[in-house]
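In order, the protein sequence lines correspond to chains A and B.
Per my numbering, the very first residue in the first sequence carries number 1; after that it's consecutive.
Per my numbering, the very first residue in the second sequence carries number 1; after that it's consecutive.
None of these hints come from the bench; they were simulated from the model.
Hints may be right or wrong, so weigh each one.
[Claimed, not checked] In silico SDA-like links for lysine to any residue, alpha-carbon gap of 25 Å or less: (1) K233(B) x T201(A); (2) K222(A) x T117(B); (3) K306(A) x D117(A); (4) K76(A) x L39(B); (5) K386(A) x L188(B); (6) K383(A) x V182(B); (7) K50(A) x S73(A).
[Claimed, not checked] For each label pair, taking beta carbons as the anchor points, the in silico distance ranges come out as: (8) A257(B) x Q341(A): 34 to 40 Å; (9) E274(A) x L104(B): 47 to 53 Å; (10) G46(B) x D152(A): 53 to 59 Å; (11) A339(A) x A48(B): 49 to 55 Å; (12) A370(A) x N122(B): 16 to 22 Å; (13) A177(B) x I356(A): 45 to 51 Å.
Source: prediction; values computed, not measured.
Virtual Cβ for every residue (Gly too), placed ideally from N, Cα, C.
The chain contents come next:
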Amino acid sequence: MKKIIVFAITLALAFSLVPNAALAAEKSVTVYNWGQYISDGSEGYIDVNKAFTEATGIKVNYVTFDSNETLYSKLKAGGESIDVIIPSDYMIARMISEDMLLPLDFSNIPNYDTIDDAYRNTTFDPENLYSVPYTWGTVGIIYNSKYVDEEDVGSWDLLWNAKYADKILMFDNPRDAFAVTENLLGYSLNTEVEDELRACTYKLVEQKPLVQNYVMDQIYDKMIREEAWIAPYYAGDYLMMVEDNEDLEFCFPEEGFNLFIDAMCIPDCCTNKENAEAYINFLCSPEISGQNLEYLGYSVPSEAAKEFMDPEVTESDIAYPDEETLSRGEAFINLSTEANQLMDSLWLEVKTEGGIELTPIIGISVCVLAAIVLLARRSIVTKRRKANRCKKWRTN
Amino acid sequence: MKTRKLLAAPYIVWMCIFTVIPLGIVVYYAFTDSITGALTLSNITGIASYTGIFLKSIWLALISCAICLIIGFPTAHFIATRPKESTQKLLYMLIMLPMCISFLLRTLAWVALLDDTGIINNAIRLLGMKPLPLVRNNGAVVLGMVYNYLPYMILPLYSVIVKIDHRLVEAAEDLGANHGQVFRHVILPLSVPGIISGFTMVFVPAVSTFYISQKLGSSGTTLIGDVIESQFKTAYNPNLGAAMSLVLMIMVFACVAIMNRFSDGEAEVIM
Numbered sequence: 001m002k003k004i005i006v007f008a009i010t011l012a013l014a015f016s017l018v019p020n021a022a023l024a025a026e027k028s029v030t031v032y033n034w035g036q037y038i039s040d041g042s043e044g045y046i047d048v049n050k051a052f053t054e055a056t057g058i059k060v061n062y063v064t065f066d067s068n069e070t071l072y073s074k075l076k077a078g079g080e081s082i083d084v085i086i087p088s089d090y091m092i093a094r095m096i097s098e099d100m101l102l103p104l105d106f107s108n109i110p111n112y113d114t115i116d117d118a119y120r121n122t123t124f125d126p127e128n129l130y131s132v133p134y135t136w137g138t139v140g141i142i143y144n145s146k147y148v149d150e151e152d153v154g155s156w157d158l159l160w161n162a163k164y165a166d167k168i169l170m171f172d173n174p175r176d177a178f179a180v181t182e183n184l185l186g187y188s189l190n191t192e193v194e195d196e197l198r199a200c201t202y203k204l205v206e207q208k209p210l211v212q213n214y215v216m217d218q219i220y221d222k223m224i225r226e227e228a229w230i231a232p233y234y235a236g237d238y239l240m241m242v243e244d245n246e247d248l249e250f251c252f253p254e255e256g257f258n259l260f261i262d263a264m265c266i267p268d269c270c271t272n273k274e275n276a277e278a279y280i281n282f283l284c285s286p287e288i289s290g291q292n293l294e295y296l297g298y299s300v301p302s303e304a305a306k307e308f309m310d311p312e313v314t315e316s317d318i319a320y321p322d323e324e325t326l327s328r329g330e331a332f333i334n335l336s337t338e339a340n341q342l343m344d345s346l347w348l349e350v351k352t353e354g355g356i357e358l359t360p361i362i363g364i365s366v367c368v369l370a371a372i373v374l375l376a377r378r379s380i381v382t383k384r385r386k387a388n389r390c391k392k393w394r395t396n
Numbered sequence: 001m002k003t004r005k006l007l008a009a010p011y012i013v014w015m016c017i018f019t020v021i022p023l024g025i026v027v028y029y030a031f032t033d034s035i036t037g038a039l040t041l042s043n044i045t046g047i048a049s050y051t052g053i054f055l056k057s058i059w060l061a062l063i064s065c066a067i068c069l070i071i072g073f074p075t076a077h078f079i080a081t082r083p084k085e086s087t088q089k090l091l092y093m094l095i096m097l098p099m100c101i102s103f104l105l106r107t108l109a110w111v112a113l114l115d116d117t118g119i120i121n122n123a124i125r126l127l128g129m130k131p132l133p134l135v136r137n138n139g140a141v142v143l144g145m146v147y148n149y150l151p152y153m154i155l156p157l158y159s160v161i162v163k164i165d166h167r168l169v170e171a172a173e174d175l176g177a178n179h180g181q182v183f184r185h186v187i188l189p190l191s192v193p194g195i196i197s198g199f200t201m202v203f204v205p206a207v208s209t210f211y212i213s214q215k216l217g218s219s220g221t222t223l224i225g226d227v228i229e230s231q232f233k234t235a236y237n238p239n240l241g242a243a244m245s246l247v248l249m250i251m252v253f254a255c256v257a258i259m260n261r262f263s264d265g266e267a268e269v270i271m
């Protein structure tokens with residue numbers, strides 16, 4: 001009987017730690033988005049999540065991730081209820097193919113009508129069932145004009161320039177990192193040819209001694225403080241960084257670059273689908289979208305929203321490059337499972353490359369030897385003392 | 001006897017739910033394929049290619065342990081031999097104090113200090129000298145580990161040293177032992193249990209650390225903890241990650257077992 005009571009108390013204690021189910025039923029929506037990817041009320045811009053709660057009474061739980069792969073792993077690991085996610089194109093395609101997304105009810109998202117035709121029926125969601133575009137943008141090289149010679153700029157090979165060793169940052173996710181080398185070596189960004197992917201791996205390994213670190217969101221801090229001088233990153237983030245450090249410049253590399261669309265989707269672990277759709281609808285209303293993206297610097301997928309933006313922002317040729325520049329861009333599509341796995345394992349090879357160093361081997365062997373010698377010596381000493389003691393007893 | 005057993009029940013339940021079952025899951029994942037779910041040994045055999053990283057992680061952890069011991073032992077001895085108990089308590093608290101701040105924050109603070117554009121190098125530059133390469137090398141990673149795990153070395157050492165009967169020291173001195181001999185034949189053998197538990201408590205988190213090596217290290221200082229983290233966080237290959245964790249765990253157990261041999265029958269040697 002007592003055992004049962006103790007067990008019951010333990011269980012009760014354990015469950016009191018779990019958020020109350022009744023509380024969760026209170027109107028709320030859990031949003032999982034990239035870091036630094038929404039206007040949060042700083043510098044006098046709109047606080048989008050607060051505005052949403054004020055307009056609808058729905059509370060927003062806001063969580064961030066730093067790469068599409070992190071998002072994917074988190075959803076795959078399961079056990080969480082997330083209502084809205086904002087992945088990039090290729091990841092949306094992968095999630096659709098793995099049945100991880102719920103089809104949207106567009107009658108709850110009337111603001112979808114304001115999205116430009118160019119961002120509908122995209123390659124990643126050809127039937128427009130699962131996603132609503134949030135932003136689009138490009139990947140290029142951010143560099144600090146104070147330290148980097150203008151004549152070195154123009155190509156992706158800037159990231160392989162030994163002159164700037166230890167001042168170069170690199171993407172910390174396989175797809176973006178491989179895309180840089182694929183551009184440099186003249187391959188398609190969606191190649192699945194093993195030899196080409198291996199050639200990219202060699203190129204990345206060759207770059208590794210020059211790389212300060214593999215980073216994602218930390219890039220902000222490092223570039224603004226001039227800890228690093230060169231980094232490949234998203235154009236929208238450059239526009240945000242340049243406000244804190246005017247020496248930063250952006251370049252569309254001549255070999256080409258990745259052109260992406262990030263879109264809002266509802267994952268299958270969603271528990272508040274209506275709230276999620278209300279949130280998506282709110283974010284793509286021209287007024288909110290305009291104010292939000294004016295702060296973000298990313299490009300807006302709707303002409304209507306531009307009316308709510310500072311004309312200086314909409315005329316920026318970095319956020320809205322001309323046709324000629326855009327023609328060099330290439331979008332990601334989803335790779336086959338095998339290609340994804342190959343890329344993941346090659347990426348791990350890049351990150352763990354370095355061979356076996358001699359010092360640890362010698363050091364560890366010395367430690368192990370020392371331990372053995374000490375133990376052996378001690379057991380001999382102990383035995384001898386015991387023997388001596390016995391001798392004393394015997395003589396007594 | 002029966003009530004005593006009952007009192008242990010909550011902990012046993014806790015252990016089962018949060019230690020035994022997760023361990024079982026780790027073992028299961030380590031021996032299954034990531035796609036088909038069939039039993040396989042490929043995860044374990046695949047680890048061979050990370051030997052270099054395993055060795056490096058163990059080596060850096062050992063260095064950190066040694067440095068922690070060198071710094072920690074005199075500190076613990078100093079605190080334990082203060083005559084006033086209030087001074088001891090104050091010093092003890094000062095050791096504990098940094099642990100009240102999240103270790104992520106403390107590591108980031110080191111980054112702000114050591115970076116090329118950090119506080120120290122900016123000061124050096126102001127003095128007109130060349131900045132020093134303080135960060136992004138093995139030394140910086142070891143520094144981060146020593147700084148973060150030093151209290152785990154000092155606290156067990158302190159609690160052992162403070163219990164050493166001072167009369168033993170006096171007796172040794174009466175018999176003509178100098179300071180060095182007192183330390184070598186009395187204090188050191190009696191503090192072995194503290195050294196061992198301190199060593200274990202520093203070694204175990206240090207060998208599996210990942211955050212410190214990412215922040216204070218560079219692209220070349222990837223440790224096994226980083227690789228395991230990436231398998232769960234980005235690559236989504238929990239099977240390889242689980243296999244690595246399992247191998248790491250076995251290695252840690254082996255190290256701890258060797259360490260524990262030192263404390264076996266310790267009293268025998270001293271008497």
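- Index of numbered hints that the structure contradicts, given in increasing order: As far as the earlier hints go, 7, 9, 10, 11, 12 are violated by this structure, in ascending order.
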